[in-house]
Amino acid sequence: AQSVAQPEDQVNVAEGNPLTVKCTYSVSGNPYLFWYVQYPNRGLQFLLKYITGDNLVKGSYGFEAEFNKSQTSFHLKKPSALVSDSALYFCAVRDDQYTGNQFYFGTGTSLTVIP
Amino acid sequence: DTEVTQTPKHLVMGMTNKKSLKCEQHMGHRAMYWYKQKAKKPPELMFVYSYEKLSINESVPSRFSPECPNSSLLNLHLHALQPEDSALYLCASSQGGARNEQYFGPGTRLTVT
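From first to last, the protein sequence lines stand for chains A and B.
Note that the first sequence covers residues 63 to 177 in our numbering.
Note that the second sequence covers residues 1101 to 1213 in our numbering.
Bound-form chain B, shown alone (with noise of 0.2 Å):
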């Protein structure tokens, strides 16, 4: 099983709304991602986990908080969000290490109005 969920899949919020987005994995995988991806862009690394610790962030805005509550889960925690927050935002897994690849979940997509 090399499968990655995230819910929900579309997500519109106001900019004084808070939400979360989920996301799960069940391939026993150490290292966990937030991407954030704009059309036909490449993802952009928001945050990572390993071993459920928080080991790269990457200089972004506070108003995206970043959970991982067990070794299968990552929530993403939003508050305040701009309209430019708009975006497809993936999670993906992997084994960790430079040799394996990252899994991906199908995203959600987040309209801030």
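Just chain A, with the same shape it has in the complex (with noise of 0.2 Å):
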């Protein structure tokens, strides 16, 4: 079974300073993990990805994102937000198990950046 879990459904943080969007996950085998931003009335856009290697992904925007095994989580951030990252931000996962096509995806955490 695949789930993922955005904890926060509201963010709100003052432009300048570090941003943080959690996101944990549950997979039966290795991780597959997808970031990705809605800006309104728009689709989804890829943001970044964990496959294997590195734990820091790095990805479109100045977006990174930090794996963390033992606490299965995938925490998206930003070292200094903009006023233009305000968005809905949804964590994806699926596990090297799953034969499928289709994504799980979070609840989705509402980023506010206030000037």
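Just so you know, these hints were derived from the structure itself, not from any lab.
Only a predicted model underlies this, so the values are computations on that prediction, with no experimental measurement involved.
Beta carbons are placed, not taken as given, at the ideal position from N, Cα and C, and that holds for glycine.
Errors might be hidden in some of the hints.
Said to hold, decoys possible - Quick list of the computed label-pair ranges, beta carbon to beta carbon:
| no. | chain 1 | residue 1 | chain 2 | residue 2 | range |
| --- | --- | --- | --- | --- | --- |
| 1 | A | Ile113 | B | Leu1154 | 25 to 35 Å |
| 2 | B | Thr1116 | A | Glu70 | 34 to 44 Å |
| 3 | B | Gly1197 | A | Gln133 | 22 to 32 Å |
| 4 | A | Ser122 | B | Ile1156 | 23 to 33 Å |
| 5 | B | Asn1157 | A | Lys131 | 32 to 42 Å |
| 6 | A | Gly124 | B | Lys1109 | 20 to 30 Å |
| 7 | B | His1179 | A | Ser132 | 28 to 38 Å |
| 8 | A | Ser122 | B | Gly1114 | 38 to 48 Å |
| 9 | A | Pro80 | B | His1110 | 30 to 40 Å |
| 10 | A | Glu126 | B | Asn1157 | 45 to 55 Å |
| 11 | A | Pro80 | B | Thr1116 | 45 to 55 Å |
| 12 | B | Leu1154 | A | Tyr101 | 44 to 54 Å |
| 13 | B | His1110 | A | Ser122 | 36 to 46 Å |
| 14 | A | Pro102 | B | Ser1172 | 26 to 36 Å |
Claimed, not checked - Among chain A residues calculated to face chain B with C-beta under 10 Å, some are:
| no. | residue |
| --- | --- |
| 15 | Gln100 |
| 16 | Asn103 |
| 17 | Ala154 |
Dock the two chains into a complex; use the hints.
Pasting the structure below:
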């Protein structure tokens, strides 16, 4: 079984401060983890993914994510938040034993960056 | 090119109308998806096509009918919808396989009156 949890519905951060959006997962095998961002009335945009290797993954727009196997987490981070980062963020998971095409999305975290 | 296009951007239809949503990708992806998304909620999977064959149908009502004419195109035919079907409909594509990300189109905002 595969599932992902985003424990915070809403995150507020001041512009220029570091931001973190949390994600924890549960899988049967080894996880494949993804982050997406969605701006209002738009589709989801792929930010980054962890498949294997280095636990720190760098992605688009200055975002990065840290894979932590012992804590089953894959938190999204950015050193300095911009107002334009305000959006809805989704974490998604699959595992290496999964042979289908379905993604398992978290419930989403709404990020607001305050000027 | 990582673009998935969807038409129309907006659609208003009555409960007795028949309409179609269209999706196109030219990335050579073998899997294509339809999702339904309500405001501030995660996308809900409706249909998956793999190599132009329907592989997942998440118990979607028959008033939604998917079609995959070729590997680049995906349609969603709509008939006799209900007001609760109003949502953002997203198309996505991927290489397939667990390691590969999906690329989403901008969506069609559907309003059923």
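Each hint, compared with the structure:
1. A:Ile113 to B:Leu1154: 25 to 35 Å: For Ile113 of chain A and Leu1154 of chain B the Cβ distance comes to about 28 Å; the hint holds.
2. B:Thr1116 to A:Glu70: 34 to 44 Å: Holds - the Cβ-Cβ distance for Thr1116 of chain B and Glu70 of chain A, about 43 Å, lies within 34 to 44 Å.
3. B:Gly1197 to A:Gln133: 22 to 32 Å: Given a distance of about 27 Å, which is inside 22 to 32 Å, the answer is holds.
4. A:Ser122 to B:Ile1156: 23 to 33 Å: Given range 23 to 33 Å: holds, Cβ gap about 28 Å.
5. B:Asn1157 to A:Lys131: 32 to 42 Å: For Lys131 of chain A against Asn1157 of chain B, whose Cβ atoms are near 34 Å apart, the range 32 to 42 Å holds.
6. A:Gly124 to B:Lys1109: 20 to 30 Å: holds (29 Å)
7. B:His1179 to A:Ser132: 28 to 38 Å: For His1179 of chain B and Ser132 of chain A the Cβ distance comes to about 51 Å; the hint is violated.
8. A:Ser122 to B:Gly1114: 38 to 48 Å: holds (40 Å)
9. A:Pro80 to B:His1110: 30 to 40 Å: holds (37 Å)
10. A:Glu126 to B:Asn1157: 45 to 55 Å: Given about 37 Å between the Cβ atoms, the range is violated.
11. A:Pro80 to B:Thr1116: 45 to 55 Å: Taking Cβ atoms as reference, Pro80 of chain A and Thr1116 of chain B lie about 53 Å apart, which means the hint holds.
12. B:Leu1154 to A:Tyr101: 44 to 54 Å: violated (31 Å)
13. B:His1110 to A:Ser122: 36 to 46 Å: 27 Å Cβ-Cβ, so the 36 to 46 Å window is violated.
14. A:Pro102 to B:Ser1172: 26 to 36 Å: Since the Cβ atoms of Pro102 of chain A and Ser1172 of chain B sit about 28 Å apart, the hinted range of 26 to 36 Å holds.
15. Gln100: holds (8 Å)
16. Asn103: holds (7 Å)
17. Ala154: holds (8 Å)
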